[in-house]
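Novice: Going down the list, the sequences are from chains A and B. Letter 169 of the first sequence, counting from 1, is numbered 169 in our numbering, and no numbers are missing. Letter 338 of the second sequence, counting from 1, is numbered 338 in our numbering, and no numbers are missing.
There could be a bad hint or two in this list.
Which copy is meant is left open, because identical chains are indistinguishable; a pair holds if it fits in one copy or across any two.
To be verified - Calculated lysine to aspartate or glutamate pairs in the DMTMM-like style (CA-CA distance at most 25 Å, straight line): (1) 116 <-> 221; (2) 173 <-> 125; (3) 116 <-> 144; (4) 4 <-> 259; (5) 266 <-> 282; (6) 48 <-> 314; (7) 289 <-> 314; (8) 48 <-> 305; (9) 4 <-> 49; (10) 48 <-> 120; (11) 4 <-> 30; (12) 95 <-> 115; (13) 25 <-> 314.
Simulated from the structure, these hints should not be mistaken for laboratory data.
Number of protein chains: 2
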Amino acid sequence: MEDKTAYFDNSASTRLDERVFEAMKPYYFDTYAVATSEFAYSMGIDAKEALEEARSTIADSLNASPGEIVFTSGSTESSNMAIKGVTSALKKKGKHLIVSKIEDFPVLNTAKALEKQGFEIDFIEVDGSGRLNTEQLAETITDETVLVSIQHANQEIGTLQDLESISSICKEKGVLLHTDATHSFTRVPIDVQKIPVDLITIASHTIHGPRGIGSLYIRKDTPINKWMDGGFQEFNLRAGLENIPASVGFAKAVELVTEEENRQIKALRDHLIERISSEITDVILNGSKEHRSPHNANITFHYVEGESLTLHLDMRGFAVSTGSACFSRSLEASHVILGIGGDHERAHGSLRFTFSRYNTLEETDAIVDAIKEIVAQLREISPLYEKK
Amino acid sequence: MEDKTAYFDNSASTRLDERVFEAMKPYYFDTYAVATSEFAYSMGIDAKEALEEARSTIADSLNASPGEIVFTSGSTESSNMAIKGVTSALKKKGKHLIVSKIEDFPVLNTAKALEKQGFEIDFIEVDGSGRLNTEQLAETITDETVLVSIQHANQEIGTLQDLESISSICKEKGVLLHTDATHSFTRVPIDVQKIPVDLITIASHTIHGPRGIGSLYIRKDTPINKWMDGGFQEFNLRAGLENIPASVGFAKAVELVTEEENRQIKALRDHLIERISSEITDVILNGSKEHRSPHNANITFHYVEGESLTLHLDMRGFAVSTGSACFSRSLEASHVILGIGGDHERAHGSLRFTFSRYNTLEETDAIVDAIKEIVAQLREISPLYEKK
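Looking at chain A on its own, in the form it has when it is part of the complex (with noise of 0.2 Å):
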């Protein structure tokens, strides 16, 4: 049976790459051994230098040191990791810490877990266009300041954070700085030479590799307790069995992103944003125009409820998603659109695109023209859009 689905959703990056699989294979069925075994015999030692060299890759992509990369099971371990591990490790610093108020479930949940076992935390605001107030981050910055922990790009909105001047704030006030770059990695560079962050959450399911692996990108001499205790694996900074398959796959996902996929990437999101624009009337493009992450765009649609377009869409054959992945399922408004100064109203009649490598222009236009009709439908039959 095959799909015929387009997906313009956060799902369309979890397939995965062919390639990434064949990567994978020999790691489960011939140098299957556990890392920690080099000593003992050669399979062992085959499957360390296979790690090390996914290692490698992902340093790579960073401008970083193999050294610095400890392996996790996704993103939300390692923001985990990180905010947990540096506020343990700095407890007698202080107990204030400072994030955006537009963050991704996992640095906005562990600030909130933080707050309960007595830390304070600052949520900042951002602008209109879901960028941070770098001035109000200049003044919250105290003596008991910890960590600040801003993300790279928004995951719904696609806004990109001015990660220069932020970083250099913390770095001038001698604070750490954590990055939630899961929703920009490898379709926006960071280069951890030029830009002076300390901590860098990554992950491989954004780019076509496998789920349950991910990255954290520790500046060497940042201070950080061991979160996951056990075994002494990864530099003895995270226990567990080391997923040498998954690892090799997903620096097999950052080897195949390309500058020039990238490039298309960014041209059939403009083109979408350009369509919706000029051909759909009281539509609002949310969050940056400039800065923002070239595989994303989140519209809203007035007097359209998000969850109706979403289902009449899937009815068509296109799987898109109102709010972040992890909102769908409740019928909260999302906390970035309302963080934008967006109502209720104009979170609920918002959809996000992501887009990824197997999308294509064809199916790019129509689910444009399939938006049209279905907006043009809803909104005959809405009495808020008579009443306008």
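Use these hints to put chain B onto chain A, whose structure you have.
Specialist: Chain B alone, transformed into the frame defined by chain A:
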């Protein structure tokens, strides 16, 4: 390049079963949606269903309900979550924790990490066969005790604890019990309707399933705080994108273990022990003969270094290990062998054999023959053996 090595090591069980691989494949390429998209479009529903079916299979294997199974990234995470989640939820009750002296690192080092945070830990002794002193356990429980964590099968010597007695004691005293069943899961069944254990750590990599996936069984109404913060996945108990392909693979791996296979594995293991005991002098079977997981043998060869034996066996195409996987790296003596009253010589002269689906009688006989020869050669040059 075909690998001719015969694996009698923990790595053996990390070799993925082809049928597991086939079961996972559709969830990489066809039904790759994220599970939380179930409300947005059709593929999300299929993905969610696959996840829940996998959960049911895991639950059935313990005679538990699906709502009592949380997927994690593996046994290390499961044990961290169990111990840190329960102690956090019960911190008003007390800060006393009991573990056995011979626990594997995830439990042992989590306990030690909590000790640094002000918890009081009691490390219960075991007898010469590795079995817990249940009287000592009963006496050690106080009003301040929030959790007892005692493994099911030992990671090195395979000794099975008397979970029935241990759980009765805990229940009687009103204290929660966690067991790390990583090294017994499906090989020695646990029925949670019969044994009142509250939390169980299990994993996939020990039964030819994928790495990077495990579960924590949490009996209904057990007080536990979330440890991995972020999204609302896994009944809002464990955040992080659901690893559906790995969960499906884990479930398949569970289905593939049969009683017949366990009998066969045990027969091979018994054959190895029988031959070594009768054909090689000065050997000790470490652990209990009677209360032992069916796939483990652990033998000390006096007057021989385990590391030398391991290297000689590797050259002849046999993979075994000394100590636990985590230990091999350092040359510290195994805390398990020391825990059952062994000395450093006994610890360093021990080999652990782990039998899996792929071991044969032919290679079992071949490794015994090889060990006989190597041990004889090594003893010939051993000054200790000479003096005997």
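Novice: Give a verdict on every hint.
Specialist: Here is how each hint holds up against the structure:
| no. | hint | result |
| --- | --- | --- |
| 1 | 116 <-> 221 | between (29 Å within a copy, 22 Å between copies) |
| 2 | 173 <-> 125 | within (20 Å within a copy, 51 Å between copies) |
| 3 | 116 <-> 144 | both (17 Å within a copy, 23 Å between copies) |
| 4 | 4 <-> 259 | neither (28 Å within a copy, 42 Å between copies) |
| 5 | 266 <-> 282 | within (24 Å within a copy, 71 Å between copies) |
| 6 | 48 <-> 314 | between (44 Å within a copy, 16 Å between copies) |
| 7 | 289 <-> 314 | neither (27 Å within a copy, 60 Å between copies) |
| 8 | 48 <-> 305 | between (51 Å within a copy, 24 Å between copies) |
| 9 | 4 <-> 49 | between (40 Å within a copy, 20 Å between copies) |
| 10 | 48 <-> 120 | neither (42 Å within a copy, 37 Å between copies) |
| 11 | 4 <-> 30 | between (35 Å within a copy, 10 Å between copies) |
| 12 | 95 <-> 115 | both (9 Å within a copy, 21 Å between copies) |
| 13 | 25 <-> 314 | between (33 Å within a copy, 24 Å between copies) |
Hints 4, 7, 10 from the earlier list are contradicted by this structure; the remaining hints agree with it.
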